[in-house]
Amino acid sequence: MDAGSREEHATKQDRGRVPQVEETRKRSGPRLEGRVALVTGAGRGIGRAIALRLAEDGAAVAVNDIAAHHAAAVREAIASAGGRAVDVPGDISMIEGCQSVTRAAAAALGPVDILVNNAGIEHRARVRDHRAEDWERVLRVNLQGPFLMAQAAADMLAASGRGAIVNIASAAIMGFFGQPAYDASKGGLLTLTRSLATELGREGVRVNAVCPGFIETDMVQGDPEIRQLGERQVRIQPLRRMGLPHEVANAVAWLASDEASYVTGASLFVDGGWSRR
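Numbering (the working numbering), first residue to last: 85 to 361.
Worth flagging that the hints you see were computed from the coordinates, not collected in a lab.
Think of the CB as a built atom: it goes at the ideal place given N, C-alpha and C, for glycine as much as any other residue.
Some hints could be false.
What the hints assert, rightly or not - Pairwise CB distance ranges (calculated):
1. Met178 to Arg215: 16 to 22 Å
2. Ala151 to Asp239: 25 to 31 Å
3. Gly357 to Ala151: 32 to 38 Å
4. Arg319 to Ala163: 18 to 24 Å
5. Val211 to Pro308: 41 to 47 Å
6. His330 to Glu117: 40 to 46 Å
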């Protein structure tokens, strides 16, 4: 197939999917009803809020976390609220873990058509003190993990005709003192988002990123250095407070839904205006 034929074929494919999205808008009920979402790192903090919000909007949710008891607790919270969920614990920094988690989610709930890459870790160290093994560990979880999860779920996302990936990046792409691995991993995740959006868009898969600013989570509360940094930064941003996990979850739910059906390759900052100060 030559380039012109491929363009024509892609255009026909895209045209064929528009009525499906338009028909979905006419349905009554929750906006994610009938969808299956897989959320990584969903045991606590922002990931937990995302899993709960997607379930509230009608999606069946596969709850991933490396800590099995955290994943189980979120699954129970969703079930108690009348939702449908399964816990799929596992390490998403390695290909075997990504494939296992994706297969388990599909076996329990059906093919995944929403993937939220939320799992992430942080390591603070100045460049002269930063060990190579810590750099590699951060990039394995924060950048390699989302790539491998997208790879594992790509066929299911494309087959659905309305697949959506939402990557949780960070306002830290602007660059903070003493956390080069974290900042680099999140910057790389934005570039990966745009690359995947370009490649998978022709198969009907949208790929976007959410970039939270300082959010009130256990990580912020438990690290005095991060907490102090956050308190300094919010003093100079337009909305002079830290965000809450559910405010990030709201953005993710919108990007995952058909309400954002013409949005792909975008980076949505949920940071109280910090990046625009």
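Legend entry - Val211 versus Pro308 beta-carbon gap, inside 41 to 47 Å or not: Given about 22 Å between the Cβ atoms, the range is violated.
Legend entry - Consistency of beta-carbon spacing, Ala151 to Gly357, with hint 32 to 38 Å: The hint (32 to 38 Å, Cβ to Cβ) holds, given that Gly357 and Ala151 are roughly 33 Å apart.
Inset, instruction - Take a look at whether the Cβ-Cβ distance between Met178 and Arg215 falls inside 16 to 22 Å. - result: Roughly 20 Å apart at Cβ, these two residues keep to the hinted range, so it holds.
Inset, instruction - Just tell me: holds or violated, for the beta carbon distance of Arg319 and Ala163 against 18 to 24 Å? - result: violated, 41 Å
Legend entry - CB-CB spacing for Glu117 and His330 relative to the 40 to 46 Å hint: violated, 20 Å
Legend entry - Distance restraint evaluation - Ala151, Asp239, Cβ atoms, bounds 25 to 31 Å: holds, 28 Å
Violated hints for the displayed structure, listed by number in ascending order: 4, 5, 6.
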